[in-house]
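Listed below are the residues making up each chain.
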Amino acid sequence: MSAPVLALDDVSIRYPGAPAAAVRNVSFEIGTGETLGIVGESGSGKSTLAAAMMGLLPSGSTVTGGLRFEGRDLFGQMTERELRQLRGRDIATIAQDPFTALNPVMKIGRQLDIFQHWYHDRPRAERKARILKMLEQVRLSDPGVRMQQYPHQLSGGILQRVSIAAALLAEPKLLIADEPTTALDATTEAQILGIMAEAKETLRGATVFITHDMSVVERLCDRIAVLYAGELVETGTVAEVLKDPRHPYTKALLECDPARIEEPTSELPTIGGTVPALDDRPAGCIFEPRCPSAVAHCRAEAPKRHDLGPRQSAACHLVTP
Amino acid sequence: MTRPILEAQNLRVRYPSGTLTDRLLGRGPRHVTVLPDVSLSVEAGQTLGLIGESGSGKTTLGRAAIGLAPISGGSIRVGDATATSEDAPEWAGIRRRTSMMFQDAVASLDPRMTLGTSVTEPLAIAGGFSGNRRDKAAELLGLVGLSPDFADRYPHQISGGQARRVTVARALALEPDLVIADEPTAGLDLSVQGELLNLLGELQSRLGVSFLFITHNLSVARHVTNRIAIMYLGRIVEEAPTETIFSAPEHPYTRALIGAREATGGGGLIEGDVPSLTRRPEGCEFRTRCPLATDLCAAKAPALREIAPGHTASCHYAGQPAGVSHPEPAANRISP
Numbered sequence: 001m002s003a004p005v006l007a008l009d010d011v012s013i014r015y016p017g018a019p020a021a022a023v024r025n026v027s028f029e030i031g032t033g034e035t036l037g038i039v040g041e042s043g044s045g046k047s048t049l050a051a052a053m054m055g056l057l058p059s060g061s062t063v064t065g066g067l068r069f070e071g072r073d074l075f076g077q078m079t080e081r082e083l084r085q086l087r088g089r090d091i092a093t094i095a096q097d098p099f100t101a102l103n104p105v106m107k108i109g110r111q112l113d114i115f116q117h118w119y120h121d122r123p124r125a126e127r128k129a130r131i132l133k134m135l136e137q138v139r140l141s142d143p144g145v146r147m148q149q150y151p152h153q154l155s156g157g158i159l160q161r162v163s164i165a166a167a168l169l170a171e172p173k174l175l176i177a178d179e180p181t182t183a184l185d186a187t188t189e190a191q192i193l194g195i196m197a198e199a200k201e202t203l204r205g206a207t208v209f210i211t212h213d214m215s216v217v218e219r220l221c222d223r224i225a226v227l228y229a230g231e232l233v234e235t236g237t238v239a240e241v242l243k244d245p246r247h248p249y250t251k252a253l254l255e256c257d258p259a260r261i262e263e264p265t266s267e268l269p270t271i272g273g274t275v276p277a278l279d280d281r282p283a284g285c286i287f288e289p290r291c292p293s294a295v296a297h298c299r300a301e302a303p304k305r306h307d308l309g310p311r312q313s314a315a316c317h318l319v320t321p
Numbered sequence: 001m002t003r004p005i006l007e008a009q010n011l012r013v014r015y016p017s018g019t020l021t022d023r024l025l026g027r028g029p030r031h032v033t034v035l036p037d038v039s040l041s042v043e044a045g046q047t048l049g050l051i052g053e054s055g056s057g058k059t060t061l062g063r064a065a066i067g068l069a070p071i072s073g074g075s076i077r078v079g080d081a082t083a084t085s086e087d088a089p090e091w092a093g094i095r096r097r098t099s100m101m102f103q104d105a106v107a108s109l110d111p112r113m114t115l116g117t118s119v120t121e122p123l124a125i126a127g128g129f130s131g132n133r134r135d136k137a138a139e140l141l142g143l144v145g146l147s148p149d150f151a152d153r154y155p156h157q158i159s160g161g162q163a164r165r166v167t168v169a170r171a172l173a174l175e176p177d178l179v180i181a182d183e184p185t186a187g188l189d190l191s192v193q194g195e196l197l198n199l200l201g202e203l204q205s206r207l208g209v210s211f212l213f214i215t216h217n218l219s220v221a222r223h224v225t226n227r228i229a230i231m232y233l234g235r236i237v238e239e240a241p242t243e244t245i246f247s248a249p250e251h252p253y254t255r256a257l258i259g260a261r262e263a264t265g266g267g268g269l270i271e272g273d274v275p276s277l278t279r280r281p282e283g284c285e286f287r288t289r290c291p292l293a294t295d296l297c298a299a300k301a302p303a304l305r306e307i308a309p310g311h312t313a314s315c316h317y318a319g320q321p322a323g324v325s326h327p328e329p330a331a332n333r334i335s336p
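One line per chain: the protein sequences are A and B, in this order.
First residue of the first sequence: 1, per the UniProt record's numbering; consecutive thereafter.
First residue of the second sequence: 1, per the UniProt record's numbering; consecutive thereafter.
Just so you know, these hints were derived from the structure itself, not from any lab.
By construction, the Cβ of each residue, glycine as well, lies at the ideal position given by its N, Cα and C atoms.
Mixed in with the good hints there might be a few duds.
With the C-beta cut set under 8 angstroms, the calculated list includes, among others, these residues of chain A facing chain B [claimed, not checked]:
(1) G157
(2) D185
(3) A186
(4) T187
(5) A190
(6) A252
(7) C256
(8) S266
(9) L268
(10) P269
(11) T270
(12) T274
What follows is a list of derived Cβ distance ranges for each label pair [stated by the list, open to error]:
(13) T202(A) <-> Q320(B): 38 to 44 angstroms
(14) A18(A) <-> Y154(B): 21 to 27 angstroms
(15) S85(B) <-> A18(A): 51 to 57 angstroms
(16) A18(A) <-> A308(B): 29 to 35 angstroms
(17) P111(B) <-> M106(A): 32 to 38 angstroms
(18) D37(B) <-> G17(A): 55 to 61 angstroms
(19) E271(B) <-> A20(A): 43 to 49 angstroms
(20) P321(A) <-> P111(B): 18 to 24 angstroms
(21) S293(A) <-> T82(B): 53 to 59 angstroms
(22) G26(B) <-> G144(A): 33 to 39 angstroms
(23) D37(B) <-> K251(A): 47 to 53 angstroms
Excised from the complex, chain A in its bound form:
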C-alpha cells in the first residue's frame, strides 16, 4: 500500500465541557482508492470522527493522538487558513440531508460553479462543461435545465445527485459521505448507491462512508471500522468482517439486522441494555455490560487491540488470532 491519505493514530476527542472523551484511542488508515465504511449506532462517535476529519470540531475541543492528512497533522501543524484551503478541494463531503446542503436562493448551476472556486484559472466555458459532464455522470436528466433551477424545485433524490456531483467536481483526495442515503426512499436510495458505486471508479482519492446500515457497507466499501460508544472495536476488510465477525458487538449487530435474517421470525435478536453514558463508563471493556460472552476478566481490564491479520483487528479479550 502507498502512503495513507488519512491516518488516525490513537485519536481521542473531547468536547468542551464534556465529562469524558466522545472518541477514545481510535487508530486506522485509509489508502488511495480505498473506501472505508465507518459503522456505529447513535452515540458511537462516528459523526464526531467525521467532523474531526474535516477539521470542523467546535472550538475548545481537545484532540490527542495524531490525525494526519497526507502526513500533515490536522490538529497542531495546520492553521485555520490551511484547513480552509483543504476543505472543498482536497477534502469534500456529501451531507446526510440534501435539502439543507445546498443554498436555497441560488440556482444549481451557479452553486456548482462556486464549488469549483479553487479552479478559477480555468475558463468559464470549461467549468460549465465540467458541470454538465458531472451531472450526466450522476445520471441526472436534462442537466442544462437543472442548472437553471433552484433546490426547492427538485426532489431529494435529484438534490443528492447534485450534492454528489458537487463533491466530485472538487476532485477530492478524500471524500467523506455522512449517511448520504438515510433521508431518501428505498428506490431512490438504491439509485444513489448505484451512482456512488460508479463514482468510486472515477475517484482517484479515498472515500469514507459513515453509516449505520451494514447493507450500504456491503455494497460500497472495501474496509470497515466498527465503532461502539466512542471506541473502535473491530476493523478489517468488509468481506472478512461480515463473513466472520470477531468482536461480540459486531456479531450481535449483524445478527440484529432484520435484512440479514433469512427466515421470517417473530422473535428478533436484540442486544440487551443500553450504550453506557459518557460519565458512566465501565472500568473494563466498554461492551462488557451488554456482552453475551463476557467473563470476569472483561470487567477488570479494558482489552487491547488484537491483530488478526495484516489489516484486521478486534478489541476483545476473547479474540484469538
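The hints should help you fit chain B onto chain A, whose structure is shown.
Below, chain B alone, put in the same frame as chain A:
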C-alpha cells in the same frame, strides 16, 4: 371467518390546495387527492403492514382510520361503528377501541407532562376510570418493560427507545382492539429496534390486539406482519400474505422495492421519482417508472383484481405465466 376489525371501503381523502387567491379566482385544482379510492381490512389479532415510499399516502391512510384526516368519500368501519366523514359522531366510539402510535414518539409526548400522566391520559379522556391513576401508570409502564419510577420522569429525561415504549404503553391504556403504529421503529438503533418489535409481537399474542403497521422498511415488515399492502401514489397496488409478497410479487413496483433491498447497485433498478399527486399519470400511474410498461398501460388504468385467493394486484400483466408478454423484470434480479 370472523369479521375484520378494521375495514376501509372506497375511502377517499383530499386536502385543500393552492393559495386563498387561487381558490377565490378559481385557478388551479382546489384539492389534492391523497387517497383516491382505498379499500383495505385488518383481521382481528393480525398485523397488516402498510408499505410505501414518502408521499405514498400510508400515513394519511393510518390517520384516516381513526378520523384524523378529511374523509370525502367511502367509509371506515371499526367493530360495529361506521364513519363516513371526519366529524361523524361515531368517531368517539371508534377511538375508544383504537389508538395511534405517532411517527415521532418524543414529539408525541407532552414535554410538560410526566410520563405517568401521559400514559394514563387516554383513561381520563375516555372517562369511566375509577381506579388509582398512579397504580395504573405503573402497570402500563410495566407492560412495556419500564420500571414504575418512569412515571415521575419527563420526556426529555428518556432515550428515543424508551419514548417508543412509553407510546406503546399509552396506546394500550384503553385496551384497544386495534393499534395504528406509524413507523414505530423509525430512528431507532438496530440493537433496540428488535426489542420494540418483539414487545409488539408479545403484546399481540397476550392481548389479541391487531396492528396496522405503517413502515417503509420491507425487511422489518417481513418479520412482523401477516399481510402486506403496498401503496403507490395513494393507491394500494398489491396486497397479499407476507410470504407471498416476498416469494411471488406480481406488481412491478413491489418487485422494484424488493429489488432495491437486494440489488448491489448499478443496473436493474427503477429510474425516476414518484410523480406529483397533482399530476397523476394517465392510465396506470406506475407506468412512468415501470420497466414493463406498454401502450395498454398508457391507455387504460389497471383495476386492483384478485390474481390468486387472498392476493390482489393492479397491473395489466399480473398473474400471467412468465414468458407470455411478461418479460422477467431486471429489478427482480437477486444479488449473488
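To see whether the hints hold, each was checked on the structure:
no., hint, verdict
1, G157, "holds, 6 angstroms"
2, D185, "holds, 4 angstroms"
3, A186, "holds, 5 angstroms"
4, T187, "holds, 5 angstroms"
5, A190, "holds, 4 angstroms"
6, A252, "holds, 7 angstroms"
7, C256, "holds, 4 angstroms"
8, S266, "holds, 5 angstroms"
9, L268, "holds, 4 angstroms"
10, P269, "holds, 6 angstroms"
11, T270, "holds, 4 angstroms"
12, T274, "holds, 7 angstroms"
13, T202(A) <-> Q320(B): 38 to 44 angstroms, "holds, 42 angstroms"
14, A18(A) <-> Y154(B): 21 to 27 angstroms, "holds, 23 angstroms"
15, S85(B) <-> A18(A): 51 to 57 angstroms, "holds, 54 angstroms"
16, A18(A) <-> A308(B): 29 to 35 angstroms, "violated, 59 angstroms"
17, P111(B) <-> M106(A): 32 to 38 angstroms, "holds, 37 angstroms"
18, D37(B) <-> G17(A): 55 to 61 angstroms, "holds, 57 angstroms"
19, E271(B) <-> A20(A): 43 to 49 angstroms, "holds, 48 angstroms"
20, P321(A) <-> P111(B): 18 to 24 angstroms, "violated, 52 angstroms"
21, S293(A) <-> T82(B): 53 to 59 angstroms, "holds, 56 angstroms"
22, G26(B) <-> G144(A): 33 to 39 angstroms, "holds, 35 angstroms"
23, D37(B) <-> K251(A): 47 to 53 angstroms, "holds, 48 angstroms"
Hints 16 and 20 from the earlier list are contradicted by this structure; the remaining hints agree with it.
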